[in-house]
Amino acid sequence: MRRRWSWLALCAAGAVLSILGWLMPRDWLDWQPSLVATQPWRALTAAFVHWTPTHLAANLAGCAVLALLGHRAALGRREAIAGLIALPLTQLGLLLRPELQRYAGLSGELHALAAIAALSLLVRPNRERLIGACIALGLILKLALEDPLGPVLRSTAGFDFAVAPFAHLSGAVAGLLAWALTMAAIQPSRSPRNPHGT
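Per full-length UniProt numbering, the sequence shown starts with residue 1, numbered consecutively.
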């Protein structure tokens, strides 16, 4: 039971830091590619900055949904470590779209967490594998419909801020990479080969 708290703590930290980020000056924390070399903290802090109350509320809701998913799926320390690794990778991926001059929000990291959850379930047997496949398929379909390689900012009905679809793709890819790195690093080593042969 204790191992489940790591994932829940990660989701809760994302929510709390986003609320705290709302109280801070955005210009100090948001993603600006021109400042990444001199102000590297932005690769972390940009996730916790939000442009509007709707933006903040949407990402807080995402934290709650992923916390519930992680709790039900018994995601724990390994997946939480992958989520931590994915956080700066998500923002650094935005360097591939330098025309995105400013970025803020937790949605990239939330896509990373969704990818991590899907992959973690995909390697389990039976019903959990099916759920993981459904989450992965839904994530892939969402990303494709958003056209992340198209315009860097897009207006979306119901939102009072511009969405950056490439950040969602960057997050999903960061989640995949972080999951692969984390799971490979903690796999038990293979037993040494018998020196006398078999």
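Each hint should be verified, as a subset may be incorrect.
FRET-style restraints, in silico, Cβ to Cβ [as the list claims (entries may be wrong)]:
#	residue 1	residue 2	range
1	G150	L92	30 to 40 Å
2	N126	R26	20 to 30 Å
3	W5	S155	30 to 40 Å
4	L17	L153	30 to 40 Å
5	E99	W41	36 to 46 Å
6	A74	L137	35 to 45 Å
7	E128	W22	28 to 38 Å
8	S155	P98	29 to 39 Å
By construction, these hints were calculated from the structure, which means they are not laboratory data.
Positions of the beta carbon are idealized from the N, C-alpha and C atoms, including for glycine.
**Request:** Find the hints from earlier in the document that the structure breaks and name them by number, from lowest to highest.
**Result:** Of the numbered hints, 1, 2, 4, 5, 6, 8 do not hold.
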